[in-house]
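Using the hints, position chain B against chain A.
Chains as they are written, first to last, in our numbering: chain A, 1 to 102; chain B, 1 to 102.
Be a bit skeptical, because a hint or two may be false.
No copy labels: a pair is met if it fits in one copy or bridges any two.
As the list claims (entries may be wrong) - Quick list of in silico lysine-lysine cross-link-like pairs, DSS-like style, CA-CA up to 27 Å:
{"no.": "1", "residue 1": "K62", "residue 2": "K80"}
{"no.": "2", "residue 1": "K62", "residue 2": "K79"}
{"no.": "3", "residue 1": "K80", "residue 2": "K99"}
{"no.": "4", "residue 1": "K99", "residue 2": "K79"}
{"no.": "5", "residue 1": "K62", "residue 2": "K99"}
The hints are simulated quantities; they were obtained by calculation from the structure and are not laboratory data. Computed from a predicted model, the values in this text were never measured in an experiment.
There are 2 protein chains.
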Amino acid sequence: MEEADPQYGLLGQMMAQPGQRAELVAILSEGTGEMPGNIAYLIGEDSANPDAIWIVELWDSKEAHAASLNLPSVQDAIKKGRPLIAGFGTRAEFRPVAKAGA
Amino acid sequence: MEEADPQYGLLGQMMAQPGQRAELVAILSEGTGEMPGNIAYLIGEDSANPDAIWIVELWDSKEAHAASLNLPSVQDAIKKGRPLIAGFGTRAEFRPVAKAGA
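So here's chain A without its partners, still in its complex pose:
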């Protein structure tokens, strides 16, 4: 299998409503499984803030990411997840330039 070569990356912090982090993670995981052009969609629970999560995404291209926002599964996740979101923190776009490890 040819090694993926992501050209577009996105990371951001999202704050859930108090006590709703696990539910938000479940909704986001469900809606983001099959997105054309997506190489990685990683969700992590912030270790310092019990309501915060971090999302790190790798994509074939910025366009693939933009297109994913129109997928029914993603639209559904956004609709379900929105009431559980209290706010957003750091957000950054990046160009993946090196990747080591498994």
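Relative to chain A, chain B alone:
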């Protein structure tokens, strides 16, 4: 091959001295290839700040990450890289809870 199951994640922004980003990326990539317990070590060029990079790391455990800081290759990279680093931005530890994509 069994799917890796990272229990510890770390992400952070690092600012290079002006014009030194590519050199810093090269040094970091070189020194972080073989780190026991490391599942992913991703470096991305910040799209908004020409001197900034983002590093996203996934590890078997927090202890594995701590131990890596004593590896000769990592110590060497830190020594070589330090003069090229102008500062640090956002930093967060997280527990990976979901991962989709390739």
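Outcome of the hint check:
| no. | hint | result |
| --- | --- | --- |
| 1 | K62 to K80 | within (24 Å within a copy, 33 Å between copies) |
| 2 | K62 to K79 | within (22 Å within a copy, 35 Å between copies) |
| 3 | K80 to K99 | between (33 Å within a copy, 19 Å between copies) |
| 4 | K99 to K79 | between (33 Å within a copy, 21 Å between copies) |
| 5 | K62 to K99 | both (18 Å within a copy, 20 Å between copies) |
The earlier numbered hints are all upheld by this structure, with none contradicted.
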